[in-house]
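Chemist: Below are the chains, spelled out letter by letter.
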Amino acid sequence: MKHRQRHIIATVAVAAAAALTLAGCSGGGSSASFEANTPKELSGTVSFWHFFSDREAKVIQSVVDDFEKKNPKIKVEVHSGQDDEKLQKAIATGSKVDVGLSYSTDIVGNFCSNGAFRSLNKVIERDGVDMSQFSDTVKSYTEFKGTRCAMPMLADVYGLYYNKDLLSAAGFTAPPKTLSELETMADKLTTFNPDGSIKTLGFNPTMGWYENAAAHYGPAAGADWLKSDGTSAISSSTGWTELMEWQKAYVDKIGWDKLNTFTSGLGQEFSADNAFQTGQVAMNMDGEYRTAFIADQAKKLNYGTAPFPTADDHTELYGGGYMTGNIIGISKGSKNPELAWALLKYLTTDTDAVVKLANGLKNVPTTKDALNSPKLEVSDQYKTFLDVASSPNVATTPASPLGAGYQQSFQDFWNKYQSQGGDLQAGLKNVDKQINDALALTTGP
Amino acid sequence: MTSTAIREGRAARVRPSRARTKRKLVTLALLTPALLGLVIFFVYPLIASVYYSFTRFDLVSSPQWIGLRNYQYLFTQDPNVWQATLNTLWFVVIWVPVKVAFALLIAGLLARAKRASGFWRTLFYLPALVPPVASVVAFVFLFNPGTGPVNQVLKFFGIQGPLWFNDPAWSKPSLVLLGVWVMGDIMIIFLAALLDVSKEQYEAASLDGANGLQKVRYVTMPSIAPVLLFSVVTGVIAAIQYFTEAAVASGVASGKAVIGEGISNNLGYPDGSLLTYTQWLYVRGFGTYQLGYASALAVLLFVVAAVILILLLRRFKAFTPEGAQ
Amino acid sequence: MTSATLTKPPAAPAKRQGRIPTPRSLRSRRVLAWIAEHIVLVALGILFAAPIVFVFLTSLMSSEQTLTASIWPQPFQWDNYVKVFTTVPLLQWFGNSALYAILATVFMLVSSVPAAYALAKIKFRGSGALFTVIIIAMLLPPQVTAIPIYVMWSQLNLTGTLWPLILPNLLGDAFSIFLLRQFFLTIPSEYADAARIDGNGEFGVLWRVVLPMAKPGIAATAIFMFFNSWNDYYGPLLYTSENPAAWPVAYGLASFRGVHGTDWGLTMAMTMLVTIPVVLIFFFAQRVFVEGITLTGVKG
Chain A
1 MKHRQRHIIA TVAVAAAAAL TLAGCSGGGS SASFEANTPK ELSGTVSFWH FFSDREAKVI
61 QSVVDDFEKK NPKIKVEVHS GQDDEKLQKA IATGSKVDVG LSYSTDIVGN FCSNGAFRSL
121 NKVIERDGVD MSQFSDTVKS YTEFKGTRCA MPMLADVYGL YYNKDLLSAA GFTAPPKTLS
181 ELETMADKLT TFNPDGSIKT LGFNPTMGWY ENAAAHYGPA AGADWLKSDG TSAISSSTGW
241 TELMEWQKAY VDKIGWDKLN TFTSGLGQEF SADNAFQTGQ VAMNMDGEYR TAFIADQAKK
301 LNYGTAPFPT ADDHTELYGG GYMTGNIIGI SKGSKNPELA WALLKYLTTD TDAVVKLANG
361 LKNVPTTKDA LNSPKLEVSD QYKTFLDVAS SPNVATTPAS PLGAGYQQSF QDFWNKYQSQ
421 GGDLQAGLKN VDKQINDALA LTTGP
Chain B
1 MTSTAIREGR AARVRPSRAR TKRKLVTLAL LTPALLGLVI FFVYPLIASV YYSFTRFDLV
61 SSPQWIGLRN YQYLFTQDPN VWQATLNTLW FVVIWVPVKV AFALLIAGLL ARAKRASGFW
121 RTLFYLPALV PPVASVVAFV FLFNPGTGPV NQVLKFFGIQ GPLWFNDPAW SKPSLVLLGV
181 WVMGDIMIIF LAALLDVSKE QYEAASLDGA NGLQKVRYVT MPSIAPVLLF SVVTGVIAAI
241 QYFTEAAVAS GVASGKAVIG EGISNNLGYP DGSLLTYTQW LYVRGFGTYQ LGYASALAVL
301 LFVVAAVILI LLLRRFKAFT PEGAQ
Chain C
1 MTSATLTKPP AAPAKRQGRI PTPRSLRSRR VLAWIAEHIV LVALGILFAA PIVFVFLTSL
61 MSSEQTLTAS IWPQPFQWDN YVKVFTTVPL LQWFGNSALY AILATVFMLV SSVPAAYALA
121 KIKFRGSGAL FTVIIIAMLL PPQVTAIPIY VMWSQLNLTG TLWPLILPNL LGDAFSIFLL
181 RQFFLTIPSE YADAARIDGN GEFGVLWRVV LPMAKPGIAA TAIFMFFNSW NDYYGPLLYT
241 SENPAAWPVA YGLASFRGVH GTDWGLTMAM TMLVTIPVVL IFFFAQRVFV EGITLTGVKG
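Residue numbers (this note's numbering), protein chains in the order written: chain A, 1 to 445; chain B, 1 to 325; chain C, 1 to 300.
Chain A with its partners taken away, still in its complex shape (with noise of 0.2 Å):
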């Protein structure tokens, strides 16, 4: 008995041993750090993580290829179709990654805080990089408590898209403006099939489907997600309550079932059954992007794009709407930091690079020069989008160590609150206590 007891507790200490030494080392390998000096001669291999797939992923690779022409030295590893979990991952387990491309700035937050990405404050003073060319709204989400973790790299604005047979047909000129309008307009446009079920839809209401997410309505009605704390301002912002309840009677008013059942047999978004490419979906909203996917998939869809309609009562914020970007760091394990550094200067501040760019993915471009530059390919839709971005009433989501958790918590609440219902009040409060409790978790004591 004792004998077989001693060889138990023996394995147990030396797993257990082993288990806090190992438990208490961190991911990532070594790394190296960046110069006092701007380094003449650059050569070696750098890699870059970015999420951009098939069409879009050959843009980002021949703008790619550009730098590699300029810098013959430099050859630059080229991984696509990596969203942020496997970044991260891939980030925070060694030394695969040197630059990181993100589709959203949820993780800036996340990154500054951590040193996920490296903090470039330093290098950009160093080689004298011209912040003012960057507009506040993006300088904002690219840095956390003045760390400035990351660099914008084209932007993404959100519009309204409108297909301008349908709305001749209907006997509509110009597009919605507010959004009792464009409940109005939508009823007109919907049609049914014999059997009662919905054929086409005017506008889709459904939270949750394709870019119907609460961040990109927010700035219909000028509501605000985070207190200058950094603690939720959901309940407090009267913009959400308004946009919820709209928002919920319109869905009361299709009936939720028959829009469901609508909704679930739509196409993918980015593929070309998408619902307002096929005519099944007559107004959307979407982002400038959606523009290139077009002239891609659906080169005879006569269409037109305008500033997203807003609150009816807060007619003084048109011309706005809500802007994103995508974002690019170097990572906290990178042994080739200057690489990165001039790979990452280049996609972001060179302007043909930056209009090269927008030109193939229709992006919105991050800095003046290239906004005003005449190669940049400007559609009549795509202007809108450009306007929006430099219209005072366009607006972000704040940084937050949480990611994009807290817009996740209000997310979740209002896709069930569209079908189920309830106190909405008590439901935004619940909401605000949410985030503030993961909050608490991850910076509190």
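Check each hint, because a few of them may be wrong.
[What the hints assert, rightly or not] Below are the EDC-like pairs computed for lysine to aspartate or glutamate, each with C-alpha atoms no more than 20 Å apart in a straight line: (1) B:155 with A:195; (2) A:253 with A:183; (3) A:199 with A:183; (4) A:299 with C:64; (5) A:227 with A:432; (6) B:24 with C:193; (7) A:368 with A:136; (8) A:258 with B:185; (9) B:22 with C:198; (10) A:188 with A:252; (11) C:123 with C:190; (12) A:416 with B:208; (13) A:40 with A:350; (14) A:429 with A:245; (15) A:300 with C:64; (16) A:164 with A:316; (17) B:155 with A:352; (18) C:83 with A:54; (19) A:199 with C:64; (20) B:172 with A:257; (21) A:345 with A:181; (22) A:375 with A:352; (23) A:248 with B:271; (24) B:22 with C:64.
The set of hints was computed from the structure by calculation and includes no laboratory data.
Given chain A's structure and the hints, the job is docking chains B and C onto it.
Modeler: For chains B and C alone, coordinates are given in the frame of chain A:
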């Protein structure tokens, strides 16, 4: 085994140390890989998980000790953990029995069929061979409320089909239907067990005056009890871990493209009804990189799983080393 | 496991206890029962075969048609099956799955067979406790131990590959050890004892006597391991998601439908392609397979 055994026994006693040491070494050699495996992949991670559960750890920086904070959040503030737990328990309590019962039913029918039983057996077993991801993707497509064949066929009979994977009330039952479709692996074992019950026992029971139902109760059931237990236990384990089918179903049904959105954004669609405990753990760990908190979730899972399984196994002692022989 | 041994227990006299009914009513009752059972079987059979039929039909549709309510392809797009191979690196995915499944199975056999044998056939102190620990390890949800193991592999720089899923099998697999042990228990000890008396060491006993007798059980365990590895989604999700070159087929299928905006025709074609190797292996290994499952399951 008489004189040779005695002779061997005497020999062993005469040189006890050499023979026994050799045997011990050989046994150790046979067991070493498995022992190492247990320590590295079971004992160590279990202890490490417990350690991590008391820290704040995002994989980028070193773990930071925060005591019971994670557990406090888990039990009082986490908005999703209760729904995740209830969803998982739903699978344990409903998905497992339905699958097992159905498998038993089919096996019973097959046991009585004489002709072409091989054909039937293959037909009902085949779906179990389809890789789970493939079968989920197929089912979500087939059960699409608007355009899927299932609702089309129902419409033909005048029935308005539900929204299946897009309706929070029907999403879990839809997965139960999937579970029933792939019950072939359990059915095969039941079939073998049923066929194993000797004819004589049935005849003896008839002579004793037992009717059909009584025969099932007193002859069939006891004979297949070990197999029944095996199926229930493996079913419960699978239900506690239920991840793939629910996660993939949510992703496909919600219609969101994967690029730019990981598992976290479709979580539990619709309305969190398919959010299982292990998905929540995965998202907290590898979606938002709160590995300390995810470890707390893991420790809780271990405790609950251990309790459920100990209760199950205690009831049926056949599984302990002594009883299994 | 053949179908020749299927017997039907004699029908029971329902109402009159202790009296055997007349042959005529017995026969007609039997016929009715046969008809009823077969109606149910046919109905269920149709329901069970239907999904596969629908998937096959959908795999022959164009992408536009899959979004409509039609069930019959018009026209038949056989080239969907060719397109799958050019749209995604399906052959590479199959290669990854094969590598993972084969190596995992081989490694498992090398490490688990000896351990199971020791647990089943050798009396040593602590064997009961060890078996209990193995059962617990087998029943444990993998998510419980996932995080520290992941951290460990990341420090060894092996994330982004399939090795974290393959290598641990060199140190045994709890479920396989359990199955093998149960199977070894069914082999009478007399054979092993006789071999020992003949002067064989334990290795000799295992290799020369026990293993040949245990072939069905070992084969069945190997097949279980193979299929579990082939169908594994969670493991590759955790370890290979960021490296498309390492994706096995199960993970590739789930991510395929996302990236390409779900061309359902292609997706269903891929579903069929992914299932076919598994079905083929089953048909060839059927006897061994079913025999092994039933033997380990029934005795378990």
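Chemist: For a C-alpha distance cap of 20 Å, please report whether residue 368 (chain A) and residue 136 (chain A) respect it.
Modeler: Since the Cα atoms of residue 368 (chain A) and residue 136 (chain A) sit roughly 12 Å apart, the hinted pair holds (cutoff 20 Å).
Chemist: Does residue 181 (chain A) sit within 20 Å of residue 345 (chain A), going by the straight-line distance between their CA atoms?
Modeler: Judged against 20 Å, a Cα distance of about 44 Å means the pair is violated.
Chemist: If you draw a straight line from the CA of residue 375 (chain A) to the CA of residue 352 (chain A), is it 20 Å or shorter?
Modeler: holds, 8 Å
Chemist: Does residue 245 (chain A) sit within 20 Å of residue 429 (chain A), going by the straight-line distance between their CA atoms?
Modeler: With Cα atoms ~15 Å apart, residue 429 (chain A) and residue 245 (chain A) stay inside 20 Å; holds.
Chemist: Sort out whether residue 64 (chain C) lies within 20 Å of residue 299 (chain A), counting only the CA atoms.
Modeler: holds, 17 Å
Chemist: Keeping to a limit of 20 Å between CA atoms, is the pair of residue 248 (chain A) and residue 271 (chain B) held or broken?
Modeler: holds, 16 Å
Chemist: Can the restraint linking residue 172 (chain B) and residue 257 (chain A) be considered satisfied, given a maximum Cα separation of 20 Å?
Modeler: holds, 18 Å
Chemist: Sort out whether residue 352 (chain A) lies within 20 Å of residue 155 (chain B), counting only the CA atoms.
Modeler: violated, 58 Å
Chemist: Are residue 188 (chain A) and residue 252 (chain A) close enough, with their CA atoms no more than 20 Å apart?
Modeler: The given pair, whose Cα atoms are some 17 Å apart, holds under the 20 Å limit.
Chemist: Decide if the proposed pair is consistent with the structure: residue 24 (chain B) and residue 193 (chain C), CA atoms, cutoff 20 Å inclusive.
Modeler: Holds - the C-alpha atoms of residue 193 (chain C) and residue 24 (chain B) are around 17 Å apart, at most 20 Å.
Chemist: Against the 20 Å threshold, does the CA-CA distance of residue 416 (chain A) and residue 208 (chain B) hold or violate the hint?
Modeler: violated, 61 Å
Chemist: For the pair we were handed, residue 83 (chain C) and residue 54 (chain A), check the Cα-Cα distance against 20 Å.
Modeler: Status holds; Cα separation ~16 Å.
Of the numbered hints given earlier, the model fails hints 8, 12, 16, 17, 21 and 24; all others are met.
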